[in-house]
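S.K.: Residues per chain, in single letters:
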Amino acid sequence: MQELIERAKALLADGTVSRVLGWRATDTPFGPEPAFFESGEELNEFVYNCFCGANLSKYLIESSALEGKTLAFLKPCDTYSFNQLCKEHRIDRGKTYIIGVGCKGKITVERLHELGIKGILDVEDAGDTLTVKTLYGEKSCPYSDAMLERCHACKGKEHRVADEVIGESADTTDTDRFAKVTELEQMTSKERYAFFQAELSKCIRCNACRNVCPVCNCRKCVFDGNAFDSVQKANATEFEEKMFHIIRAFHVAGRCTDCGECSRVCPQGIPLHLLNRKLIKDMDAFYGEYQAGEDTSTVSPLTAYTEHDIEPEAGKGGNE
Amino acid sequence: MTQRLSREELPRLYAAIAQVADLFLPVKRAGKTNFALWNTQTEVDLDTLKTAKSPKDLFFPQCEPLYTCDWREGNLTVTAQALAERDFVVFGVRGCDLRGLDVLDRVFLSDPVDSFYAARREHGTVIAFACREPEESCFCRTFGVDCAEPGGDVTVWLTDGTLYWRANTPKGQALTDRLDLLGKTDDADEQRLAAEQTAAREIIDRLPYANLFLDGWNGDATEARFASPLWEKLYRPCLACGACTFACPTCQCYDIRDYDTGNGVQRFRCWDSCMYSDFTMMAHGNNRTSQMQRFRQRFMHKLVYFPANNDGMYSCVGCGRCVEQCPSGLNIVKVIKAFEKEAKK
Amino acid sequence: MSIDDRDFRPVIAAFCCNWCSYAGADLAGSSRMKYPAEVKIIRVPCSCRVNPMFILRTFEKGADGVILCGCHPGDCHYSTGNYYTRRRMASLISLMEFVGLERGRVRVEWVSAAEGAKFAETMNEFVEHIRALGKNTRLEDLRCKN
Chain A
0 MQELIERAKA LLADGTVSRV LGWRATDTPF GPEPAFFESG EELNEFVYNC FCGANLSKYL
60 IESSALEGKT LAFLKPCDTY SFNQLCKEHR IDRGKTYIIG VGCKGKITVE RLHELGIKGI
120 LDVEDAGDTL TVKTLYGEKS CPYSDAMLER CHACKGKEHR VADEVIGESA DTTDTDRFAK
180 VTELEQMTSK ERYAFFQAEL SKCIRCNACR NVCPVCNCRK CVFDGNAFDS VQKANATEFE
240 EKMFHIIRAF HVAGRCTDCG ECSRVCPQGI PLHLLNRKLI KDMDAFYGEY QAGEDTSTVS
300 PLTAYTEHDI EPEAGKGGNE
Chain B
2 MTQRLSREEL PRLYAAIAQV ADLFLPVKRA GKTNFALWNT QTEVDLDTLK TAKSPKDLFF
62 PQCEPLYTCD WREGNLTVTA QALAERDFVV FGVRGCDLRG LDVLDRVFLS DPVDSFYAAR
122 REHGTVIAFA CREPEESCFC RTFGVDCAEP GGDVTVWLTD GTLYWRANTP KGQALTDRLD
182 LLGKTDDADE QRLAAEQTAA REIIDRLPYA NLFLDGWNGD ATEARFASPL WEKLYRPCLA
242 CGACTFACPT CQCYDIRDYD TGNGVQRFRC WDSCMYSDFT MMAHGNNRTS QMQRFRQRFM
302 HKLVYFPANN DGMYSCVGCG RCVEQCPSGL NIVKVIKAFE KEAKK
Chain C
5 MSIDDRDFRP VIAAFCCNWC SYAGADLAGS SRMKYPAEVK IIRVPCSCRV NPMFILRTFE
65 KGADGVILCG CHPGDCHYST GNYYTRRRMA SLISLMEFVG LERGRVRVEW VSAAEGAKFA
125 ETMNEFVEHI RALGKNTRLE DLRCKN
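Residue numbers (this note's numbering), protein chains in the order written: chain A, 0 to 319; chain B, 2 to 346; chain C, 5 to 150.
Keep in mind that the hints were calculated from the coordinates and are not lab data. Hints may be right or wrong, so weigh each one.
Claimed, not checked - Computed cross-link-like contacts, PhoX-like style, restricted to lysine-lysine with a CA-CA straight-line distance of at most 20 Å:
#1 B/Lys172 / A/Lys117
#2 A/Lys201 / B/Lys29
#3 A/Lys201 / B/Lys338
#4 C/Lys44 / C/Lys149
Please take these sequences and the hints and turn them into a complete structure.
M.R.: Printed below as a string of structure tokens:
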């Protein structure tokens, strides 16, 4: 971490960049927040640890409009989002300086809660295990048990774009990212309906999934219009929730890099990534493998066509 | 008078209450615990300290119709939404959430009284649930809430093997009188209960936010706090979602909208969030045009404007849901601490 | 079978492209071919105009089945519109089935201006299919059901 701070200070001092985008330590050891730093002094609050799951690429849209370059620290998965945003001309690559940071998977306090660890005071990362100091004694658990779902299905630890890379990464992939999608496809239609009904009915329409999503960056979202005759703020009926999530997933289809932020931030723990992954899995099967954000030039499957594409037939979504 | 019940008999207690009224309690569904209607199939979860969504929903639903206009065969009928008429019981409300209802009472029961809310308050009996193992995000004591003695119509304490029950109000007593499975307590019980309470309060002393103070936050602080340059720095990570607002047990802003039902219009109200760009949008546009202003509004309302209009009562109760749920790790504690740090400089 | 089921008359929305399928429907009519009155046609300039939200909204407002008809791929009046429709709808239909909508409630069919018979046949078949599926309960808005 000290290396990152020193490098950022140096780049700020020699005028290469005007500000630094990273994570700031806060009052709890497990709650770093995304932050812009504008001076060497401010950088003393910089932190990079196992809780820095937030994808910073979206903040670069706003800083693209500012004077000077912004130095951003991006994890391997964040670089996919960054590329995607460059492809969509939302970020000006020329106004950024990217330092790729190593990643060995990110964890959340929420996972620790789910493991039954309560009253967390401090979390110590001891490599493969976590030592958690709590009000109710010291607990420990394997690092991977506290990891975000997306890290178990990691796309790889290679930075897709970076001016320089600092730090080591460790492979965390231990599941097939489409495993749950396949499992759902094999259920009956009625079972799948019950599954999504239970999950989506928890939705409180807080829009956290939308607002955190790097590619959900329309200046005016369709769900925010006044003329729109649907309730955009409240889950008036079950229809509203389904509508919102189907349309949201569809609007990012072919652009979603599967960064997993939507599932990370959902206050109700809805596995929203399943909708995105279903679309990715389908498009891979229909039109050949495609990974959004892998580069800044490949055309997304939904903005292209061939004369002999498959027909939109029933039966692709799963068993009857 | 405190009564007792063995923990194994809880399902019988739920069934007995459900005989008298609709029973709402923390239920685990699809991995998350929220208040929901009890039936014999529900998975009751009393181990999770805080429900993801606060019980505010039961008195002030996220979305509720106000009236419906129906246009059929040339006739227009307008039907007002009926007020709540059924008695209901909410079991398992934590001390912080109960204080949240006090805050909502200030808003909805003062003139002009909100009849929908008032009807629900009248028909609802609240069984408060003392905390045994407060968590790292809790800071209720800052707002004077005693989680070991939460109040409510009835207070219950749950120890390893026993549920203690005490009615505090006539409404709570009326419910207690209709339940015949509660047993008498003896001196040993009283001592055990007192020991439990002491233990819980001791944990509160050791929480990370135990020393959170509200110096400088009061109804008179408007100008100084409003103009502070700190907001410009604090709001930056905010994504403008409404997670904090919708999880909060005291946020009470709502929007009123019309829904086209195909043969008429349903007018309804739904929770709104001051974090949203179209919050309080009027014909002339919006009176808060930047996210910084919206962010500032939320905290100024909770810690300055609300106390200014409500005899010093804050509209934060220290439940810590925003601490747990904010996607960017922002929360009211950070705001309070940032100002505290600034004051010390 | 209950009386209710026997009397079930589904509401079917058919989005038809102005240049081919709408003309196909016209031809079916002027050729006196029968297709069920349950089908309500919504004319769109191109099948590509149909935003996925239209399809969901149609269910919200009470439809039991939605069919989208456009020119045959390659014959689009705007050259390429229906190629995009084809890709879009393949994903959308699959996603809707994935979240639990019954198979076949949403359908895409290419009908040219000369295919009046195909139009009538498609509609007959589609209405029968929806009749067999029953009312749409998995993607409905109860406020619209009174």
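S.K.: Take the hints in turn and mark each one as holding or not.
M.R.: The hints, checked one at a time:
Only pairs whose Cα atoms come within 20 Å are accepted, and lysine 172 of chain B paired with lysine 117 of chain A is rejected, the gap being roughly 34 Å. A threshold of 20 Å between alpha carbons decides the hint, and for lysine 201 of chain A with lysine 29 of chain B the separation of about 11 Å falls inside it, so the pair holds. Proximity of lysine 201 of chain A to lysine 338 of chain B is assessed by CA-CA distance (about 32 Å); at most 20 Å being required, the pair is judged violated. Proximity of lysine 44 of chain C to lysine 149 of chain C is assessed by CA-CA distance (about 18 Å); at most 20 Å being required, the pair is judged to hold.
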